[in-house]
Every structure is written in structure tokens, then in C-alpha cells.
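Bring the two chains, given one by one in their own frames, into a single complex with the hints.
Single-letter residue listing:
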Amino acid sequence: MATHRLTNPLSDMFWRRPRVLLALLLAPPLLWLGVVYIGSLAALLLQSFFSIDEFSGLINYEFTLKTYGELLRPANYDIVLRTTLMAAAVTVASAVIAFPIAFYAARYAKGRMKAFFYLAVMLPLWSSYLVKVYAWKLILAKEGILTWAVDGIGASAALNALLSLPVIGGNSLSVSYIGTFLVFLYVWLPYMILPLQASLERVPANLLEASDDLGASRGQTLRHVILPLAMPGMIAGSIFTFSLTLGDYIIPQIVGSSRNFIGQAVYAHQGTAGNIPLAAAFAVVPIVIMGVYLWMAKRKGAFDAL
Amino acid sequence: MSFAVEFDRVARHFGQVRAVDDVSLQIAEGSFFAMLGPSGSGKTTCLRLISGFERPTAGQVRIFGDRADTLPPNRRPVNTVFQDYALFPHLSVRDNVAYGLMVRGQNKASRRDAAENMLTLVKLDGYGDRKPAQLSGGQRQRVALARALVNKPKVLLLDEPLGALDLKLREAMQDELKALQKSLGITFVFVTHDQGEALSMADTVAVFNDGKIVQLGTPEDIYQRPRTRFVADFVGSANVLPPEFCSSLDLARSWASLRAEAISLTAPGRGQVDGTLTGTRYLGAVNRLSVRVGKTELSADIPAHAPVPAPGATVGLTWDARALHRMEEG
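Here the protein sequences come in this chain order: B and D.
Mind the numbering: the first sequence is residues 408 to 713 in our numbering, read in order.
Mind the numbering: the second sequence is residues 794 to 1123 in our numbering, read in order.
No lab work stands behind these hints, which were simulated from the structure alone.
Just to be clear, a hint being listed does not mean it is correct.
[Said to hold, decoys possible] Below 27 Å or equal to it, Euclidean Cα-Cα: the simulated BS3-like pairs (lysine-lysine) are: (1) D:Lys-901 x D:Lys-945; (2) D:Lys-945 x D:Lys-971; (3) D:Lys-975 x D:Lys-945; (4) B:Lys-521 x B:Lys-539; (5) B:Lys-707 x D:Lys-924; (6) D:Lys-947 x B:Lys-705; (7) D:Lys-924 x D:Lys-961; (8) D:Lys-975 x D:Lys-916; (9) D:Lys-924 x B:Lys-705; (10) B:Lys-707 x D:Lys-901; (11) D:Lys-924 x D:Lys-901.
[To be verified] Here are the in silico distance ranges between beta carbons for each label pair: (12) B:Pro-416 x D:Asp-918: 58 to 66 Å; (13) B:Tyr-511 x D:Glu-1013: 47 to 55 Å; (14) B:Leu-701 x D:Asp-877: 30 to 38 Å; (15) B:Ala-612 x D:Ser-976: 32 to 40 Å; (16) B:Leu-428 x D:Gly-1077: 46 to 54 Å; (17) D:Arg-848 x B:Ser-571: 36 to 44 Å.
[As the list claims (entries may be wrong)] Residues from chain B that face chain D, not an exhaustive set, calculated with beta carbons under 8 Å: (18) Leu-428; (19) Pro-611; (20) Leu-614; (21) Ala-617; (22) Gly-622; (23) Ser-624.
Remember, predicted model here, so these are calculated numbers, not experimental data.
C-beta: ideal position from N, C-alpha, C; glycine also.
Chain D on its own, in the form it takes in the complex (with noise of 0.2 Å):
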């Protein structure tokens, strides 16, 4: 089976900083893969190795099984989103979006053509003559997708595409780059600090730290059964318990994550653990108490119709043995 993208062994090194360390992953053709991990942890890095602004110290990259970093980035059948969308400001938006056909020798009437049939695809037509400055940032982030799709690009790159538009937009957009993946077939390949925003678009996450992918996996994977402390640390959704919480519950040694949702409420005693409600967080449909366990600072969230004992109440906390997930330290 040929994958859309494949490293073998890469590694990229800026001096003594191992950006990239000893990577290797396949992405399925027509995915759409997420590159998930905080700043510095070589996301970023993987993704300008795919569109060849980097060159790996050691190692392959093969796009549709064809070694690609031998090649430089303008001959390679990927197009990028940028971070910052990197719109030609001197050039209109169809001139923009029309930029990879002119430099190819398309003729002007049908790469005029093409590029106001992509700008009615990300729903800007109409938009053609205006300048980037006159547009907002979710319109611009529209031209920059149109302007790498009007390529055919084989993988689509996007660098943290979401990461400038405010909340309300950024929602909107994953649906629809979401759907636009779906219609169009094309592997999509895109990098975020953003946990949500990778489970709920990617089918594939690949979770980086200090260079190497930590878990790859689906998004329920990396939800539910996060692999290592690391990877629960920073999808954030569970609570991590130390060594000591599962010693202390008589099971064996090691690190677990025990979900919010997953702990419910109950007498003193009457659970796995008692502890001490710290406090209460209101979030609407759930209120999430803090309840202190030993050394161990718990979340847990009940259905916001369910009472809130008094801050300082000792209560018990029980959960479904299936639900705590052991992890390795990572």
C-alpha cells in the first residue's frame, strides 16, 4: 500500500537541538492527519520537511512513494497553508489564488477561470478584484486555502491554520475545512497546538514531544487511552494520578488518568477514596469540583442538576475500574 506521506527514520538537526528526532510514520491517502504537540516539540519542523523548506539530516520522506527530499519545494506535489496565510499583498485575490497556474504557464483566461471557481468553492466569489488588506482574517485564511487547492496538490499542508481567527470563526472554519476535505478527497496534513482542534477534525493524531511522535492514534485514542503522562498532560482532559494514588488504591505502581467525567460523587466511604471538596467551577452543563485526595488534586465533574456539598466536605469519589488508564511516565 502507498501512503500519501511517509518518513522513514528522519531526523532534522539545527546544531545540538534535535528538532526532529528519529522520526518515522505513515499518512494514509485522503486522511486528514493532525500534527498535535506545544511549540518547540517539531511539529512545525515535520510538516516544512513534507513541503521541502527543510532538509532532513538523516533519513527519508516519501510522498505517494516517490522520495521527496531530494526535491526542492517548488517541484513537490504539496501546497501549503500558512500560518500567517502569506497572501501576496500587491497581487488582487484572484491574482493570488491564480499564482501556482501563472508560474506554471497556464494561459490567463483559464487560470482566471480556475481561480474564481476555487474562490466560489470557498464560498468568496465575487471577492476576485479586492486587495488582502480589504478583507478580514477568515477571508483571507478562505484565499489562502483556495490559492494552495487551485494546485491540485496531492497532500495539503496547513500550518496552524486556525490559530489567528477568534473562537466563533475558528469553530466555523473546522467544520468547513472539515467537509472540504471530505469533497475533495485530498490528504490533508495540518499542525496545531490546539487539542481540540485536532480531535475534532483529524481521522489520525500524531502527538509530538522534544522531537518524536508519543502516541499516534485515532482521536478517541488519545482521549481515552493516552499513553503516556505526557500525552494526558497536554490533551488535558483527564486527571493524571502519580504512582502513589494507584499504590495507595492497592493496584499496581505506575502513572494513570482517570477522566473528569468518569468520577461520580457518593458517600464517605463509599467509594474508592475519600477526599476534601477544595471547590467548585461552574461550567454549565457540568459543575467540576476539586476535591483533594492526600497529595493528589482530583476533578471531577457532576451533572450541574446534582447538589454541590458544602467547600471543606469530605466526600467519596468512585469510578468504574475500566475507566482509570494506565500510562507510562513519558
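Isolated chain B, as found in the complex (with noise of 0.2 Å):
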């Protein structure tokens, strides 16, 4: 009798121990997760708990929580506020801007219109961020478009009115906090559009006809129905507008009053300044301020609809 060869001694070994191929096919990325990701935020985590010598500029390898205390100082706890309140703010705006746009891609585009939405939200993020903002510059500079147009229509008393608010104001929109205000919240804005958008398009048509049928007006399916179930959506955008404002460095650099934000703390710091503890315990600040925020979202109630 011809015996066909049926098995696969691999193969076999592997059904019987669906682990053992679990195993091999998530070390790579674990690794990689591991060692380079987890490893590296350790490493900085560890940073944050050495200190520098004041007169000889070296690391003194001690544990210590001086370099936290650092923070509380009247500078450098105004750079981790003033960069709080901007991601804060960026973020609020975004949702508020989304939402709409979010709204009509997920329930009313079809077919050439929502591929027409795809690429206006994504376009913006294939041409280069430095691009970007240093046409920002120019936009908003005192000699740029805006202020051209907003002459245009005679409209410039209130510009002028709204730059010469205390602090958020200045001499033109290029070198205010308003500003950069703008370009953080076009930079980012994508970035709350496509999650919202894919939460909003989740939630069942018969939901909101339910709504209706029970009583509702329009604004009431949108505070009882619409908003709980889009929140998780939401919330993913605002981790995304929130956290990358947080870290950047390069916006409030190019556009806006010459105050730092953490991100050119941490830029300066490990650079010129030569105090990796100081870089590492203003790094740490964001991740702490995303973790009191999601803990918070978490107990509002925001991803019971998940």
C-alpha cells in the first residue's frame, strides 16, 4: 500500500501547540515594542530622576526628585501651563470644527463626495509639515493675505481689536498666540476629523429614527444619541490633537511670541543647555498629563459605548 506523505511534521507540531506559533510570530514585534519603545521611554523615565551639577554641568547619577522640583519653577511651570492650556485649547477647537464636517461625511456623502471628503482631510497631510507652517507665516504675517483680506472687507478694526487682547494678542497674527493657535489647530485638525468621522459612521441609522420616533428633537439625538456613541471617536482625536501639541516643538518656534512650549524646553535642554535630567522630567509631563486625561475620560463614562 503507497503511503502518500499527508503530514507536515511543522505543521502538526504547531496545531497541536497553537501557542508555540503565537508565540513565534509576536516575538518580532514585541521585541521591537519592547526594546526600542518601552526600553527607550524607561530609559528617559530614568533621566528624569538624576540631577545636574550646578557648577560642574555633569549628570550626578543619584536618585533624586530635584530635577521634578525644577519644574515648579515661576519659567519653567509657565511653559508646562502655557502649553496645557494651547493643547487644551487646540484641542476643543478641533472637536468643535470636526464635528460638523465629521458629521456630514459619516451620514450625508456618498460615492464622488465622501471620496472628495477623503482627500481634503488627507491631502494636507501628504505635502510637508515645514511647508506648511512657514506658509502659515506668511499668511498670518502683518504684511500677508489675512491681513490683506480681512482690509478688504473692512473688517480690520476687529482684527486689530483682537490683537491687542492681553497676552493672546500681538503685534500681528504671525508673532501671537493666536497664531499659533491657528496653525496648531489646522496642522492637527485632520487628525480629529478621520477618527470622529469613523465613530459617527458606527452608529446605527435606526438609533437616531428611534430617537425621533420616542420624542426627541434634533438637538436632543444629538446630546442623548449622537454625542455618547461618537465620544470614544472623539476622544481618540483629542488624544492625537492633545498629545501632538503637547510635543511639538517646531510651530511655536516658527509662529508666535518667542515663549516656550515643552517641546522646545525639551529641544533646548538636551541641546545647548547640556541638562538631560531637566529635557527628560519636562518630557515625562505630557505623558503624565495624557494619563490624568485619559483616566478622567475613562471615568466620565466616555468609552461605555465602545
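So this is what it looks like as C-alpha cells:
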């Protein structure tokens, strides 16, 4: 009787022990994640517990919270506060602007309109970030197109009133916090629209009909059905906009008043100042803020609809 | 007399498609009304014309005498049990049920009580804190029912309410729905493609085809006296006999229906027709014989204890002349 070789010892073994296969498949990405990603993060965390010797400028490898104490010095604390407020403002504004766009795309856009939507949202992501930021610097400059356009429609008084606001105003939009805010908003908006649109698309249409049928007005349906169900998408989007703003060091350097943001502080301390521990401590701040933010979002029930 | 729901020459066209084509109908207050038909026959569109999710292209919809087709869904005195229930996944069962009261501004304590009472009515007391995802299909169905009924609608609309349930649960829910409708006295209008469901639950059945009502009547009417060939085919209870068959019996030429249980077996030459036995199916209480008469295949139900002739045998078929029911071509 002829015997056919129907078996393959290796695949048989994998069938009998599926966990071996799983481990083999997962090992490379886990190694990458563990060593490169978590490892570097751990190294960063470790650095932040060292301190710098103020006289020699050398790193003192003894565990201390002294560097974190430095963060509380007014100059540093202002940087943290400024960055967090900016990130929060950008996040809220992104959500407000993104919602109607995402809602339209999820509920009404079909066929070509939908393709146009994706293209319009993604297109800015395809060009260089630096090019976009410099373009905005020109747009917002005192001699720029925006000032010209505002003049053209006779609204320069409004622009001047805006620029004369304390703190957020300035000589021109390109050297004010308002300018920084606008550029952040522009650059990170797609990261809010896309997850929001995905989550709105998953809201079944019959839930909206059910709400309508039960007597809810459109506003009530929005508040009690659509927003809670879109919340995971909005949180996902806000994680992007919030953390990207927290960590960015290029936009505030090119557009805005010359006051520092966390990213710039990290850049300055690890570079010219050579204060790696303080740079590390600054870098830990966004991580902590994001952790607190997500914890609060979870407690508020933002993920209940998942 | 005022009707719960009235359609006055209502049409709903989607482009070239006439989903509902010049339908007039009256649904009596307190009745259990079924809209029966295959998919695409216009029954669901009719339901949505009552709930307000569709607006008529022509004609008027009235609810308790008041013009309704100009009102948005949230201002109509009707509530819907949706096909796949459409429960809000982020809300607890209690909040789902209380939703209609909440959007009307009823205070928290009283709407909570009302929701709990309604959950008791549908036998789900104690489930208020769960999320819809933690319930079985049958339980979700009850929540959907409670969520609609808590608003005390004048008319309850049910869109294929039992379609997603398994057979046994479906039968139990049929009885419960019927009992609930009786005790509440609310007009129920439900859409189904399951003729058994329509016939067993409804007081009045409208059979839809191609956007029109082809027959409106009691379940008995529909079952015993299908008006057209389509109704007989769709309700599926009877042999549908072509005009040639009637001609061969020396009757006026027309389509006719003859229920399987009305036919009995006799010796060849002794009945109205002779035929050849082509098959037998045992259905428990009866044996369903397939008998070929000329070009027509007839089903005849004979008691399970009666002897069954061998396949291929020639048999005589007989029936009471009144059992042969004439129909339109339709």
C-alpha cells in the first residue's frame, strides 16, 4: 500500500501547540516594542530622576526628585501651563470644527462626495509639515494675505481689536498665541476628523430614528444619542490633537510669540543647555498629563459606548 | 366613526419605483392589524408613513382623525418597535425605557418609576441596570416593547417584531403580544412577511403586493377565501389551480384554490378527478400526498393513520364542491 506523505511535522506541531506559533509570530514585534519603544521610554524616565550638578554641569547619577522640583520654578511652570492650555484649546476647537465635517461625511456624503471628503482631509497630510507651517507664517504675517483680505472686507478694526487682547494678542497674527493656535488647529485637524468620522459612521441610523420616534428633538438626539456614541472617536481624536500639540516644538518656534512650549524646552535642555535630566522631566510632563486625561475620560464614562 | 389610522389615496414613490401605490385603508381603533407581504411589497413603507419616517408623495395619512403626514415623527402619537430593536447601546435598560419620558422633560424619579413598571409588565423586572448587550434577543425585544409602550402611544407600530427570534420564542412572543394588546387596548399595527404570524395574531390582515393592498380581511377570509392567485400562493395554505383545471371539471374557466385538507382519497373513477401518486411526506398529524393530475400537482392531506397507496398508484380525489374557491388572476 502506497503511503502518501500527508503530514508535515512542523505544521502538525503548530496545530497541537497553537501557543508556540503565536509566540513565534509575536516575538519580533514584541521585541521591537519592548526594547526600542518601552526601553527608550524607561531610559527617559530614569534620566528624569537624575540631577545636574550646577557647577560642573555634569550629571549626578543619584536618584532624586530635585529635577522634578525644577519644573515648579515659575519659568518652567509657565511653560507647562502654557503648553497644556494651548493643547486644550486646540483640542476643543478641533472637536468643534471637526464634528460637523465628520457628521456630514459619515451621514450624508456618498460616492464622489465621500472620495472628495477623504481627499480634502488627507491632502494636507501629504505635504511637508514645515512647508505648511512656513506658508502659515506668510499668511498670518502683518503684510500677509489674511491682513490684506481683512482690510479688503473692511474688518481691520476687528482684527486690531483681536490683536490688542492681552496675552493672546500681539503685533501681528504671526507673532501671537492666536497665530500659534490657528496653525496648530490647521495642522492637527485631520487627526480629529478621521476618528470622529469613523465613530459617527458606526452609529446605526435606526438609533437616530428610534430617538426621533420616541419624541426627541434633533438637539436632544444629538446630545443623548449621537454625542455619547461618538465620544470614543472624539477621545481618540483628542488624544492625537492634545498629545501632538503638547509635544510639538516647531510650530511655536516659527509662528507665535517667542515664549517657550514644552517641546522647545526639551529641545533646548537636551541640546545647548546639556541638561538631560530636566529635558527628560519636561518630556515626562505630557505623558503624565495624557495619563490623567485618559483616566478622567474613562471615569466620566467616555468609553462606555465601546 | 374615527379610525386609529386612515390612509386616503396614499402614494410613496422613490424615483420610478412606486413603493406605495394609491393605497386607501382604515385601521379600526383597538385592533391588531397586520400588514403582510413579501419584501418590497410596500408594507414597511406604509408603516414608515404612519411613523413619519416617510412622507407621502400623494394623499393623506390621518391618525385618530388628525392629519399626520405634515407632522415630524417626534410629534406623532405613535411609537415604533424597530426590526432590530434599535436599543441605545450606551444606556441602561431602564434609561432606554425612560428615554421617551426624559426627552419630554419628565422628572427623574417619576420616569424611573414608570420605566420600572413597564419593565414589570414585559416581565423584565430586575433587569433595569443592565446594558442591552447583556440581554438575549427575546429580552431585547421586550425592552423595545417597553420603551415604546411607556409613552402611552395611541398606535403601536411593530416592524417585523419577531423576525430575529428563534421559532419557539417567536411563538411565545406571539401569544404575549396578543395578550398585551388585548389588555392595553392600544391599536397595534405590525408588519411581517410571515403569514403564520399574521394569521395567528391579527384581527385584520392586509396582504400587500407591488405597493397595493390585494386583500384586506380577517385571517379566516385570507386563509379560506384568498381573493387572488397571489394571495393563495403567498399564504401558501392551498393548492392553486390553473384555469385549465377548472375547465377540465366542466366549471367556468378561472383560477381556483383548494386546501390540502379539504381533499380526500377515494378509489379511481369515484372522485372528481383521478391522479397519480408521486410522493408522500409525513407531517405528524397527516400524510401530505402529492398527486399529479394532468399537468397540475396537487397536495392532499390524509390522516396519518389512514393507509397510504404505493407511489405511482392511480388514486381518485374528491372534495366538497364548496371547498373549491374561485380567484382572480392577480
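Verification of the hints:
With a CA separation close to 18 Å, the supplied pair Lys-901 of chain D and Lys-945 of chain D stays within the 27 Å bound. With a C-alpha separation of about 17 Å, the suggested pairing of Lys-945 of chain D with Lys-971 of chain D holds against the 27 Å cut-off. For the proposed pair Lys-975 of chain D and Lys-945 of chain D, the alpha carbon gap of about 15 Å is at most 27 Å, so the pair holds. Only pairs whose Cα atoms come within 27 Å are accepted, and Lys-521 of chain B paired with Lys-539 of chain B is accepted, the gap being roughly 25 Å.
This hinted pair checks out: Lys-707 of chain B and Lys-924 of chain D have alpha carbons roughly 17 Å apart, not beyond 27 Å. For the hint pairing Lys-947 of chain D with Lys-705 of chain B, the CA-to-CA distance comes to about 41 Å; that exceeds 27 Å, so the pair is violated. At roughly 24 Å between alpha-carbon atoms, Lys-924 of chain D and Lys-961 of chain D fall within 27 Å of each other, so this suggested pair holds. Of the pairs offered as hints, the one joining Lys-975 of chain D and Lys-916 of chain D holds, with about 17 Å between alpha carbons and a cut-off of 27 Å not exceeded.
Between Lys-924 of chain D and Lys-705 of chain B, the direct Cα distance comes to roughly 17 Å. Compliance with the 27 Å bound is thereby established for this hinted pair. Simply put, Lys-707 of chain B and Lys-901 of chain D have alpha-carbon atoms about 20 Å apart, close enough for the 27 Å limit, and the pair holds. Proximity of Lys-924 of chain D to Lys-901 of chain D is assessed by CA-CA distance (about 19 Å); at most 27 Å being required, the pair is judged to hold. Take Pro-416 of chain B and Asp-918 of chain D: their Cβ atoms lie about 59 Å apart, and the range 58 to 66 Å holds.
For Tyr-511 of chain B and Glu-1013 of chain D, the Cβ-Cβ distance of about 52 Å falls inside the hinted range of 47 to 55 Å, so the restraint holds. Checking the proposed 30 to 38 Å range against Leu-701 of chain B and Asp-877 of chain D shows it holds: the Cβ atoms sit about 33 Å from each other. At roughly 33 Å, the beta carbons of Ala-612 of chain B and Ser-976 of chain D sit within the given window of 32 to 40 Å. A C-beta distance of roughly 51 Å is found between Leu-428 of chain B and Gly-1077 of chain D, which places it inside the suggested range of 46 to 54 Å.
Distance hint check: the CB atoms of Arg-848 of chain D and Ser-571 of chain B are about 53 Å apart, inconsistent with the given range 36 to 44 Å. Residue-level restraint check for Leu-428 of chain B is violated (minimum Cβ-Cβ distance to chain D is 32 Å; threshold 8 Å). For the restraint placing Pro-611 of chain B at the interface with chain D, the shortest Cβ-Cβ distance is roughly 7 Å, inside the 8 Å limit, so the hint holds. Interface restraint check for Leu-614 of chain B: the shortest CB-CB distance to chain D comes to about 5 Å, inside 8 Å, so the restraint holds.
Given the 8 Å rule on beta carbons, the hint for Ala-617 of chain B holds: about 4 Å separates it from the nearest Cβ of chain D. Because the beta carbon of Gly-622 of chain B sits about 5 Å from the nearest beta carbon in chain D, less than 8 Å, this interface hint is met. Satisfaction of the interface hint for Ser-624 of chain B is found here, the shortest Cβ-Cβ separation to chain D being roughly 6 Å, below the 8 Å cut-off.
Checked against the numbered hints above, the structure breaks hints 6, 17 and 18 and satisfies the rest.
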